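Engineer: Could you build all of it, start to finish, from the sequences and the hints given here?
Residue numbers (the working numbering), protein chains in the order written: chain B, 1 to 316; chain H, 317 to 609; chain G, 610 to 929.
Hints listed in this document are in silico derivations from the structure and should not be mistaken for laboratory results. Please read these numbers as outputs of a predicted model, since none were measured by experiment. Be aware that one or more of the hints could be misleading.
Under the rule of at most 25 Å between Cα atoms (straight-line distance), these lysine to any residue pairs were calculated in the SDA-like manner [unchecked claim]:
1. H:Lys494 x G:Tyr710
2. B:Lys60 x B:Lys80
3. H:Lys508 x G:Lys915
4. B:Lys25 x G:Tyr710
5. G:Lys915 x G:Asn612
6. B:Lys192 x G:Arg696
7. B:Lys196 x G:Asn612
8. G:Lys734 x G:Gln721
9. H:Lys508 x G:Thr718
10. H:Lys508 x G:Asp708
11. B:Lys60 x B:Gly12
12. G:Lys648 x G:Asn847
13. B:Lys192 x B:Gly61
14. B:Lys196 x B:Leu133
15. B:Lys261 x G:Ile876
16. B:Lys25 x G:Lys648
17. B:Lys102 x B:Ile127
18. B:Lys273 x B:Lys261
19. H:Lys508 x G:Glu879
20. B:Lys25 x B:Leu50
21. G:Lys807 x B:Ile249
22. B:Lys25 x B:Gly61
23. H:Lys494 x G:Gln721
24. B:Lys273 x G:Leu672
25. G:Lys807 x B:Lys80
Footprint (simulated), chain B over chain G, 3 or more residues, beta carbon under 8 Å [stated by the list, open to error]:
26. 736-747
27. 795-808
28. 857-867
Ideal Cβ placement from N, Cα and C applies to all residues, glycine included.
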Amino acid sequence: MLEVNNLAVAFGSIEPLSSVSFSLKRGEILGIVGESGSGKSLTALSNIGLLPLQGGRITKGSINFDGQELTTLAEKDYRKLRGGRIGLITQNPMTSLDPLQKIGSQLDSVIKLHLGFTKSQARERTIELLISLRIPDARFICDRYPHQMSGGMKQRIVIAMALAADPDLLIADEPTTALDVTVQAQIIMLLKDLVKERDLALILITHDMSVVAQTCDNVVVMYAGRAIEQGSVQYIFHDAKHPYTQALIRCIPHGLAKGQKLTGIRGTVPTVKNYPKGCAFHPRCDRAEAICSQVQPALIRKSNAVVACHILGESA
Amino acid sequence: MIEHKKKPSLSQRLASLSVIRAFGSKLGKVSGGMMILLVLVAIFAPWIAPFDYASQNLLNANVAPSWPHLLGTDEFGRDVLSRLIYGARTSLSVSATAIVISISAGMTLGAAAGYFGGTFERVVMTVVDLTWSFPDILIALIFVAILGPGLTSTMFAIAIAYLAQFTRLTRAQIVRLKNETFIEATINLGAKPSHILLRHLLPNALAPVIVVGMLAIGDGIVLEATLGFFGLGAQPPTPSWGAMMSSGTAQLFLSPWVIIFPGVVVAITVISVNLFGDELIRALDIRERIKED
Amino acid sequence: MNNLLEVRDLTKRFESGGGIFSKARSMHAVNGVSFNVRKGSIVGVVGESGCGKSTLARLILRLIEPSSGQLSFNGNDLMANNAAQMRALRKQMQMVFQDPYSCIDPRYTVAQAISEPFQIHGLSKNTDLDKEVAELLLKVGMNPALADSYPHQLSGGQKQRVSIARALALNPSLLVLDEPTASLDVSVQAQIISLLEKLRDELDLTYLFISHDLSLVEYFCDEILVMYLGKVVEHLPNTSTPAQHPYTRTLLDSTFEPDPDQRREIIALEGEVPSPFNLPPGCSFAARCQHSTSKCQTNVPQLEVKGSHLVACHHPLAAI
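Structural biologist: Listed below in structure tokens is the structure:
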């Protein structure tokens with residue numbers, strides 16, 4: 001349903017994102033993982049045509065959404081798509097909600113805009129939607145303002161907004177980072193159920209490998225603006241070849257016995273302005289050789305996975 | 317794992333100074349250059365001025381701009397250029413001294429109020445706000461009534477007029493900084509309140525206060541000129557831009573240069589100071605912090 | 610003397626409001642917390658936002674004045690100390706803060722920030738500060754050449770290393786770590802945790818580790834205190850003891866397994882955390898607890914030994 005091919009993004013002269021490709025089917029969850037500055041959120045923004053707002057532009061590649069080419073789409077048509085067939089869930093719910101409007105009328109207006117419903121039809125659908133998101137007391141919630149609700153509830157409302165116009169594709173950018181663990185678990189389970197119930201395609205952008213393990217079908221691992229490895233979630237966790245992917249999994253303290261060393265990755269995550277030459281990971285890589293600092297490794301297909309590395313690590 | 321960073325050289329350190337960076341733009345160069353020029357003129361007035369500012373020559377009164385009186389002479393035949401040059405001394409020094417007094421008092425009050433809080437803060441801020449509710453000129457008149465007309469009254473008037481601004485600004489900075497983690501961390505190292513205030517809070521609060529002070533010098537020059545114009549400031553024969561304009565009104569149509577040139581100089585000075593202040597705000601990147609007040 | 614730190618009935622109430630239009634309300638941020646920290650151990654405090662864990666850290670260091678309770682550090686009654694004695698004692702108890710971005714004065718270089726503790730305690734004259742700074746930087750795994758950089762030139766992980774170095778400058782015995790890795794990237798979090806492990810072995814330190822991340826606490830700590838709404842609801846003496854409090858169990862269940870082959874349904878916790886201004890009369894967790902009975906609604910459970918360890922619950926869960 002969604003096919004992204006060799007996407008590159010530039011802000012002025014810096015290129016924070018290049019050669020990113022992936023595809024996504026209905027009912028599938030694609031995880032995009034990476035640390036800060038890896039370009040994972042930019043990937044999402046470019047999919048919904050919000051890059052120009054941030055001063056960036058797509059310089060290469062294509063985005064094909066259900067047979068429609070998005071990179072050349074006019075802003076007018078994009079507006080119809082956003083919030084219509086593509087829903088977005090952001091990290092901070094407060095940025096997506098109008099603090100001065102009641103929840104109900106915010107949802108109503110999205111529904112009216114995209115589906116052309118009347119006022120009463122829209123409210124009916126709003127209530128239905130809230131109930132389907134397991135929000136107790138839906139009618140009562142409609143008359144509340146965003147600041148009167150907890151973080152978890154606000155995030156549910158944002159999900160409701162994204163779902164209001166019955167989209168086919170949902171993009172969730174770090175939807176649970178700002179939330180407590182128990183609430184994070186609720187929201188992630190909810191997203192998983194929604195994908196199943198509504199046959200949605202979901203792109204889940206996160207830095208949390210455990211969330212990825214629990215939810216995604218396929219995973220793209222990003223580092224310094226490039227997809228460095230991608231494959232099925234089983235492949236990524238059990239069979240990953242790229243030293244960065246392997247190291248990232250070793251950074252999870254979960255279930256690590258006492259005495260087992262938590263290693264981490266030496267050095268620091270590069271910022272957009274100083275992506276290293278060659279393979280961007282080479283200054284932090286234990287296996288780096290001379291070629292790694294010179295030549296950008298190409299993406300190589302390995303059975304059902306893709307990896308960009310000169311020296312493939314042994315499987316973890 | 318960490319790239320080696322060299323000690324910054326002297327020129328690099330100079331370049332990182334905000335004042336130097338304010339000169340970076342064209343506007344900064346022009347306005348900053350103008351200010352430096354004015355200060356130099358004020359300092360070297362005795363060497364630059366072609367004539368004595370006080371020497372009268374009634375035979376030469378009201379001469380239009382011409383050689384050797386480039387900007388003409390006034391009703392007593394005094395050289396307008398020379399009086400302007402000496403006037404820079406009065407205007408700049410009175411305004412700058414007043415603002416320095418105002419900043420010192422304002423920062424002390426504001427820092428104490430912000431740091432200790434409570435009733436002390438409420439009393440200080442109420443009193444300070446009260447001074448703000450009187451027009452500058454009224455405060456000046458009160459001082460003139462008490463101390464008599466002259467530069468001392470002018471100075472106090474300017475200082476009091478801007479006291480509230482500096483107190484409020486400093487207090488806002490201190491209150492904001494007090495909640496920063498590095499203050500908590502330093503307290504936890506066992507530092508005394510005096511250490512926290514003098515080493516961390518005040519130095520971090522200084523930049524915005526300096527910039528606002530700089531802008532206030534411009535306003536101070538106008539206030540000094542206003543008081544001089546009304547005869548409440550500098551007393552003759554001390555040259556002051558305001559007093560010069562005042563005496564010029566009598567011969568406005570006969571010899572307009574006597575009033576025009578001081579006016580132009582005041583305008584240029586104030587515009588330069590304000591433009592440079594704006595550049596400094598940009599260089600220090602503290603626009604947000606100034607608005608906080 | 611085996612206990613480095615003893616905390617008894619520590620309580621902090623925050624008063625709020627009390628203006629012309631509102632009634633004064635008081636909030637129990639920390640409510641009767643007691644525990645000991647043995648010399649050389651790592652005690653973890655875990656809980657969700659608003660449970661009072663960060664306030665607890667600041668109360669122990671008296672950065673916030675406790676409303677009541679006793680604190681004893683190395684046999685010293687902290688509550689009896691005056692301001693000057695407290696300042697002197699701070700040499701021995703240091704803290705590393707969550708936000709590496711604001712924990713160093715932006716006007717200070719790394720070297721100035723690390724030498725500041727020596728100056729505060731009047732030790733700078735008898736100390737070779739340059740040498741100390743270089744040694745401390747090496748100790749926390751940083752290049753001493755970075756001594757002249759300013760905080761904004763460093764990455765989040767490097768800044769956190771600098772604050773650790775600063776905290777270690779005066780050879781403390783207790784280090785309170787308030788979510789030191791919460792705002793760092795995962796790969797850097799792992800670096801900092803292994804640095805803290807190394808430092809503890811080298812310098813014989815004791816840690817009080819505050820975190821919201823249960824799996825990190827389980828990995829890093831010897832003992833775990835679970836907090837909910839200002840109270841300790843369970844005190845796990847070691848990480849292999851199974852949890853008995855339903856809230857701890859929920860926390861464990863909400864933690865995702867980083868293994869795609871071990872996917873499981875998570876039973877979502879119902880309801881919301883009650884407002885700390887308006888605590889329910891019984892157990893604060895009762896409204897959200899599947900096992901709650903009428904007793905839970907009315908009687909506050911005390912933290913007492915049930916089975917193998919301290920639990921504050923009327924109906925502790927049996928070990929699975």
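Engineer: Indicate, hint by hint, whether the structure satisfies it.
Structural biologist: Going through the hints against the structure:
no. : hint                : verdict
1   : H:Lys494 x G:Tyr710 : holds (15 Å)
2   : B:Lys60 x B:Lys80   : holds (24 Å)
3   : H:Lys508 x G:Lys915 : violated (46 Å)
4   : B:Lys25 x G:Tyr710  : violated (41 Å)
5   : G:Lys915 x G:Asn612 : holds (23 Å)
6   : B:Lys192 x G:Arg696 : violated (53 Å)
7   : B:Lys196 x G:Asn612 : violated (53 Å)
8   : G:Lys734 x G:Gln721 : holds (15 Å)
9   : H:Lys508 x G:Thr718 : holds (21 Å)
10  : H:Lys508 x G:Asp708 : holds (23 Å)
11  : B:Lys60 x B:Gly12   : holds (14 Å)
12  : G:Lys648 x G:Asn847 : holds (15 Å)
13  : B:Lys192 x B:Gly61  : violated (30 Å)
14  : B:Lys196 x B:Leu133 : holds (13 Å)
15  : B:Lys261 x G:Ile876 : violated (32 Å)
16  : B:Lys25 x G:Lys648  : violated (56 Å)
17  : B:Lys102 x B:Ile127 : holds (14 Å)
18  : B:Lys273 x B:Lys261 : violated (33 Å)
19  : H:Lys508 x G:Glu879 : violated (48 Å)
20  : B:Lys25 x B:Leu50   : holds (22 Å)
21  : G:Lys807 x B:Ile249 : holds (21 Å)
22  : B:Lys25 x B:Gly61   : holds (19 Å)
23  : H:Lys494 x G:Gln721 : holds (20 Å)
24  : B:Lys273 x G:Leu672 : violated (39 Å)
25  : G:Lys807 x B:Lys80  : violated (56 Å)
26  : 736-747             : violated (count 0)
27  : 795-808             : holds (count 10)
28  : 857-867             : holds (count 8)
Of the numbered hints given earlier, the model fails hints 3, 4, 6, 7, 13, 15, 16, 18, 19, 24, 25, 26; all others are met.
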